[in-house]
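Quick mapping for you: the protein sequence lines, in order, are chains A and B. For what it's worth, this note's numbering labels the leading residue of the first sequence as 1, then goes sequentially. For what it's worth, this note's numbering labels the leading residue of the second sequence as 131, then goes sequentially.
A few of these clues could be false.
Straight line, CA to CA, 27 Å or less: simulated DSSO-like cross-link-like pairs of lysine-lysine [stated by the list, open to error]:
id : chain 1 : residue 1 : chain 2 : residue 2
1  : B       : K409      : A       : K108
2  : B       : K354      : A       : K98
3  : B       : K392      : A       : K108
Over 10 Å on every C-beta distance to chain A, these chain B residues come out as not near it, computed from the model [as the list claims (entries may be wrong)]:
id : residue
4  : V180
5  : S237
6  : N241
7  : E278
Bear in mind the hints are in silico, worked out from the structure with no lab data behind them. Predicted model only: the values in this text are computed from it and were never measured. A virtual CB, placed ideally from N, CA and C, is assigned to each residue, including glycine.
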Amino acid sequence: MERIPILKMGEFLLVTIQVDMHDRLALTLQDDLTAQIVKFRAHGVLIDISALEIVDSFIGRMLASIASMAHLLDAETVVVGMQPAVAITLVELGLPMKGIRTALDVEKGMIALRGAILAAEQDGDASGIR
Amino acid sequence: MPTANSKLLEVIEKREDQITGQWVEQQQTTGRKLTAAEREQANRQSREFVRALKSALQRNSGGDVSGPDWSGVREFLVDLSSRRAKDGYTPRETASFVFSLKLPLFSALKNEFGADPKAIADEVWLATLLIDELGLLTTEAFQKSREEVITRQQKELLELSTPVVRLWENILALPLIGTLDSARTQVVMQNLLEAIVQTRSDYAIIDITGVPVVDTLVAQHLLKTVAAARLMGADCLISGIRPQIAQTIIHLGVDLSDVTTKATLADAFELALRRSGHKVVGQEAASTNAAAR
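Generate coordinates for the entire structure from the input sequences, incorporating the hints supplied.
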């Protein structure tokens, strides 16, 4: 069966989507990703969509739900590498994907993730003291 | 139309040189002052046109000027008027090219059928119809090429008015000037997103000092641009909001609370520098710091 590979890079997981997503593939990815987050105790997930020429509302919703699931498992998600044309289409469709962190490429995504994890830890510490 | 005018062809064939000569003269008196080169060109064009007219009349199988027999004449006239439109002729000067053919043509007809008033009247009527039709065609073509010039200029203006400026290593500025409609927003968005990819910038400042009016539609376009830049991973700041515009935005109930806004480009630039970990320090303060160390 077709699967989307999930690579472990230090404390982060890297998911590169290079094929057209459909329902089954999305569900498999959600299964795999949540399992890997728990297995490796990952704190960050990078989803690279630079190879996607078309992003529709289905993929938009899927990315959002993956981000929420990862958040429940204490991992931050960053979507990286969106094409300009895709960004324009999403905005014109009225799907500005609020609540999803974005970055230009994997490198910048990592920097953003580190910042986000640091902020989350500080938040956690602060609430722990209280 | 020129169905029954086999006589017209005969007359033109018989007196071609006379008609052409008189026509060229006529053009010079009615049209604008021509330079020697332009006169030479007009001469050549007149000869060509008479030739095209002749072959169209020969082939004429009863159709009107829009038919296939006349395609040569039509092409010639369209080419001529589009060239004249670009060279800055007025519509009157362009149309008079065709209309000034009337005088020589009519006088040739008069010489031919001088004794027969009815034949003269018929032939003149047919010739008038033909030339009027060709004149209208010329004017239409002239208008069309002028419109093409205007469209091209509009497009150039659109590109000119949306520059993306690099302010710092990872900070872009987009000074908007003029009204923001959906077509322009599209261009602005595209330029901005491409520049973000190219320069790998983290911050984009949209400066709206030059935007005269911000209504709900313009605000919506701005928000779209901000959202698109955010999807590319860049943070957008809006600057250059004039007091009146701030008032209008609030009165209209536009919600800009998701976007960082600053009154001036300088403030927005400073904020972007600070967020990217830079700090602007005066020279004196810097040197005192260095001395203290």
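Hint by hint, here is what the structure shows:
A C-alpha spacing of about 21 Å is found between K409 (chain B) and K108 (chain A), which places the hinted pair at or below 27 Å, so the restraint holds. Taking the CA atoms of K354 (chain B) and K98 (chain A), the gap is near 12 Å; set against the 27 Å cutoff, the hint holds. Restraint check for K392 (chain B) and K108 (chain A): satisfied, since their Cα atoms lie roughly 26 Å apart, inside the 27 Å limit. A cut-off of 10 Å between C-beta atoms confirms that V180 (chain B) is not in contact with chain A; the least separation is 55 Å.
For S237 (chain B), the non-interface assignment is confirmed: its Cβ lies about 65 Å from the closest Cβ of chain A, beyond the 10 Å cut-off. The beta carbon of N241 (chain B) sits about 70 Å from the closest Cβ of chain A, which is more than 10 Å, so the claim that it is off the interface holds. In this structure E278 (chain B) is separated from chain A by more than 10 Å, as the shortest Cβ-Cβ distance comes to about 28 Å.
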